[in-house]
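Letter by letter, the chains look like this.
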Amino acid sequence: MIDFELSENVQTVQKMVHAVAEQAMRPIAREYDEREHEKPWDFLNMMWQVSGGNPIGGTGERKPKEGPSERNLTMCVSIEELSWGDAGLYLSIPNSGLGGAAVAAAGTPQQKERFLARFSGGKPKWAAMAITEPCCGSDSSAIQTTAVRDGDHWVINGTKIFCTSGLMAAEKSEGFVVVWATVDRSAGRAGIKAFVVEAGTPGMYVTKVENKLGIRASDTATLVFEDCRVPLTNILGSPEIPKTSEGFKGVMATFDATRPIVAASAIGVGRAALDFVRDTLREHGIEVRYGVPAHKLTALERDFMDMEVQLQAARLLTWRAAWMMDNGMRNNLEASMAKAKAGLVVTQITQKAVELLGPLGYSRQLLLEKWMRDAKINDIFEGTQQINQLIVARRILGYSSKELS
Amino acid sequence: MVNFKPTEEQELVRDTMASFAREVLRPAAREADEKNEMPEGVVEHGWELGLVQSGIPEIFGGFGDARSAVTGALLLEELGYGDVALALHLLTPRLFTIPLVVAGSEEQQKTWLPRFVGPEFRVGTAAFVEPRWDFDPTALTTRADRQGGDWVITGRKCLVPLAAAAEAILVYATTADGLAAFIVEKGASGLGVGERERNMGIKALATHPVALDQVRVPDTARLGSTETNLQALIDASRVAVAALAVGVSRAAFEYARDYAKERRAFGVAIAQKQALAFKLADQAIEIDAMRLLTWEAASKIDSGQPATREAALLKHYVSGSALGITDNAVQVLGGHGYIREHPVELWLRNARGFASFDGLAIV
Chain A
1 MIDFELSENV QTVQKMVHAV AEQAMRPIAR EYDEREHEKP WDFLNMMWQV SGGNPIGGTG
61 ERKPKEGPSE RNLTMCVSIE ELSWGDAGLY LSIPNSGLGG AAVAAAGTPQ QKERFLARFS
121 GGKPKWAAMA ITEPCCGSDS SAIQTTAVRD GDHWVINGTK IFCTSGLMAA EKSEGFVVVW
181 ATVDRSAGRA GIKAFVVEAG TPGMYVTKVE NKLGIRASDT ATLVFEDCRV PLTNILGSPE
241 IPKTSEGFKG VMATFDATRP IVAASAIGVG RAALDFVRDT LREHGIEVRY GVPAHKLTAL
301 ERDFMDMEVQ LQAARLLTWR AAWMMDNGMR NNLEASMAKA KAGLVVTQIT QKAVELLGPL
361 GYSRQLLLEK WMRDAKINDI FEGTQQINQL IVARRILGYS SKELS
Chain B
1 MVNFKPTEEQ ELVRDTMASF AREVLRPAAR EADEKNEMPE GVVEHGWELG LVQSGIPEIF
61 GGFGDARSAV TGALLLEELG YGDVALALHL LTPRLFTIPL VVAGSEEQQK TWLPRFVGPE
121 FRVGTAAFVE PRWDFDPTAL TTRADRQGGD WVITGRKCLV PLAAAAEAIL VYATTADGLA
181 AFIVEKGASG LGVGERERNM GIKALATHPV ALDQVRVPDT ARLGSTETNL QALIDASRVA
241 VAALAVGVSR AAFEYARDYA KERRAFGVAI AQKQALAFKL ADQAIEIDAM RLLTWEAASK
301 IDSGQPATRE AALLKHYVSG SALGITDNAV QVLGGHGYIR EHPVELWLRN ARGFASFDGL
361 AIV
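Sequence lines, in order, name chains A and B.
For what it's worth, my numbering labels the leading residue of the first sequence as 1, then goes sequentially.
For what it's worth, my numbering labels the leading residue of the second sequence as 1, then goes sequentially.
What the hints contain is simulated information worked out from the structure, not anything from laboratory work.
A hint or two may mislead.
[As the list claims (entries may be wrong)] Cross-link-like lysine to any residue pairs, in silico, SDA-like; alpha carbons within 25 Å at most:
no., chain 1, residue 1, chain 2, residue 2
1, A, 212, A, 42
2, B, 110, B, 63
3, A, 352, A, 292
4, B, 5, A, 71
5, B, 273, A, 139
6, B, 203, B, 167
7, A, 296, B, 229
8, A, 352, A, 301
9, A, 112, A, 240
10, A, 402, B, 267
11, A, 172, A, 117
12, A, 296, B, 306
13, B, 273, A, 395
14, A, 352, B, 324
15, B, 279, A, 344
16, B, 5, A, 395
17, B, 203, B, 49
18, A, 296, B, 155
19, B, 203, B, 122
20, A, 15, A, 280
21, B, 261, A, 396
22, A, 402, B, 270
23, A, 296, B, 139
24, A, 15, A, 5
25, A, 15, A, 45
26, A, 15, B, 303
27, B, 186, B, 115
[Said to hold, decoys possible] Label pairs and their computed distance ranges (CB to CB):
no., chain 1, residue 1, chain 2, residue 2, range
28, B, 136, A, 401, 50 to 56 Å
29, A, 114, B, 264, 51 to 57 Å
30, B, 324, A, 12, 36 to 42 Å
31, B, 266, A, 227, 43 to 49 Å
32, A, 282, B, 275, 39 to 45 Å
33, B, 154, A, 279, 40 to 46 Å
[Unchecked claim] Chain A is faced by these chain B residues, among others (derived, beta-carbon under 8 Å):
no., residue
34, 70
35, 134
36, 309
Cβ coordinates follow ideal geometry from the N, Cα and C atoms, glycine included.
The task is simple: from the sequences and hints, build the whole structure.
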């Protein structure tokens, strides 16, 4: 039966996470935006402790066939709260993150055990994903990084950029980086495989940590691989090069799990801005009037209603994509729909919020300008707005990547 | 618990309406629009589906289906996909019967409801919208005042569906204690049903202006009591209109999508051009967004919570999106979209109606 009420379980988690966002994240949000490249260790250690190493960022595992699950929905709801607190801090929380999501989506049961068990104890750890290269971002099938088999190792060479938590995963914890590389360039996308590179593996170097527009509390690293050797068993999925591009699709399936999560994070930032604007208006005796005709609404009310309903539209699309995963349904189209919508509307909502508060919106004394900077990343990472439009377009038109490029 | 799956029963209703829309409404839509009339057989066929009878309790001879805004939304999307004008004609008696079921006195229900469960289509309707640029559903200018034990109603209405054929009209008016509705019978002294209106779209549906000049009705003609929450009915009608709008948008989107895959330019199908493909992608996203917002507002209504905010936001969102999507469908077809041989211009004209439609559909 169609229902939009969160279950009691999810509501309980939501309240708990909201308290963390309000009490532990908001108070330090500005500080770690200004002090880019410094880590809020008290917060990170606390999050590692309270989560028991459980990945709030998720591993994107699909639900086994039996019983209802709300795992992905719960994750989306939690991440909205954390990002309401602060998106940069949320991204910096130690957990299995995107690297873990790739292992969960493409790894064997043994690999899941081997690589993911570490997140349930010990010191804080991170796992990152390295796809983008200086040559190519959206066109991920054109990557140049190579993996060549040499006896019982794979030897990786290449440069990866824009790797979220790359510094923490590669050098500052006992985590790992999942690296996409081609084992046979002539095979095109079929030759692209994902490899787990353990932190501290010789031949993997962090050469740069980027200065960014927003999400400054989160490190974005360049990783260079020079004859970096990893065991044969570190390849995710089969080492065979299939005739079709099935293998690549397997890796791409990671995104079906992570895009709703990115959308949820975007929505958290958008809601932060919306809540702040509503509270400010309320303090000045202005309440938005619902149900009065358009000609009686002020421009401000119209703008606010627009922001509100756009955000809710994005949220419902996101919940649907998560709900589908929880119910074992393929959500490739719906995940991209949610991500495309959320990335765009939250960018617009936060920009409008800055505008509505005039000079206050522009001031670094408030967080509005920061939320506008933070929001924009959601329109870019995990597939830009345009890449998600492309995926949706192919799916609704029934086109292959050759027919619509 | 969050769930996006309709019940099996709802799916059944939806599928029935989908085939009716596909096989009966869609093929009849163009001619109906050109001729400004209901095509033969559609009313009878629609009546057999029980759209009106389903909402009437069994004790009055109806099917007594539990009223659900979510089920309504599922069904209306399909009817809107078929044709909005024809769908609204079939649904018009509900503008009269549903408020009676929800808020009518026992006497009113006993008098009126059994008339709408017979073998033939009977017309009751409602007069809500007023012919003013600054029409405000929260402050109707039509007034009803107490005189002795009676009410005296004065004002002007427009967009009253099937008014000329209606046995009774539910007239919404402002009273000293707020918004109220009154049953005004056909032929009441001072009630004037004007000539059929000529509108841009929804042409197959006959709508009329209605003038009320000191129309006197007894106190028993007032719907419910001063406690009756008519706002809830308006909210429900906004959700219903939104569901119809989702249907029209989907029709236009699918037509444009299929056309774009057929039509070739510069050696490829035009759908293979990103400028066009991305637009279609955005619209697929918008249609799903509209539908989910509609379901959410409907499910709020079904749970008995106030949904004025959700319904207002929904109306704001959907009237803009439906217009954008149908406009783009015309654009995808280029010059051909402007020609009345294709249905997209019809959908654009119909979709424009949603913003002007408050209170014109209740399910």
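The hints, checked one at a time:
1. A/212 - A/42: holds (23 Å)
2. B/110 - B/63: holds (15 Å)
3. A/352 - A/292: Judged against 25 Å, a Cα distance of about 22 Å means the pair holds.
4. B/5 - A/71: Roughly 18 Å between the alpha carbons, so the hint for residue 5 of chain B and residue 71 of chain A holds.
5. B/273 - A/139: holds (18 Å)
6. B/203 - B/167: holds (22 Å)
7. A/296 - B/229: Roughly 23 Å between the alpha carbons, so the hint for residue 296 of chain A and residue 229 of chain B holds.
8. A/352 - A/301: holds (12 Å)
9. A/112 - A/240: Holds - the C-alpha atoms of residue 240 of chain A and residue 112 of chain A are around 20 Å apart, at most 25 Å.
10. A/402 - B/267: holds (15 Å)
11. A/172 - A/117: Distance ~18 Å between residue 172 of chain A and residue 117 of chain A Cα, so the pair holds.
12. A/296 - B/306: holds (22 Å)
13. B/273 - A/395: Answer holds: residue 273 of chain B to residue 395 of chain A is near 15 Å, not above 25 Å.
14. A/352 - B/324: holds (21 Å)
15. B/279 - A/344: holds (14 Å)
16. B/5 - A/395: Holds, because 21 Å separates the two Cα atoms, which is no more than 25 Å.
17. B/203 - B/49: holds (23 Å)
18. A/296 - B/155: holds (21 Å)
19. B/203 - B/122: OK: residue 203 of chain B and residue 122 of chain B at ~20 Å, within 25 Å.
20. A/15 - A/280: holds (23 Å)
21. B/261 - A/396: This hinted pair holds, its Cα atoms lying about 11 Å apart.
22. A/402 - B/270: Holds: residue 402 of chain A and residue 270 of chain B sit about 15 Å apart, inside 25 Å.
23. A/296 - B/139: holds (11 Å)
24. A/15 - A/5: holds (15 Å)
25. A/15 - A/45: holds (21 Å)
26. A/15 - B/303: holds (23 Å)
27. B/186 - B/115: holds (14 Å)
28. B/136 - A/401: 50 to 56 Å: The hint (50 to 56 Å, Cβ to Cβ) holds, given that residue 136 of chain B and residue 401 of chain A are roughly 52 Å apart.
29. A/114 - B/264: 51 to 57 Å: Cβ of residue 114 of chain A to Cβ of residue 264 of chain B: about 53 Å, so the range 51 to 57 Å holds.
30. B/324 - A/12: 36 to 42 Å: holds (40 Å)
31. B/266 - A/227: 43 to 49 Å: holds (47 Å)
32. A/282 - B/275: 39 to 45 Å: Since the Cβ atoms of residue 282 of chain A and residue 275 of chain B sit about 43 Å apart, the hinted range of 39 to 45 Å holds.
33. B/154 - A/279: 40 to 46 Å: Holds, at about 45 Å.
34. 70: Holds - the Cβ of residue 70 of chain B comes within 8 Å of chain A, reaching about 5 Å at its closest.
35. 134: Since the shortest Cβ distance to chain A is 5 Å, the answer is holds.
36. 309: holds (4 Å)
Consistency with the previously given hints is maintained throughout, with no hint failing.
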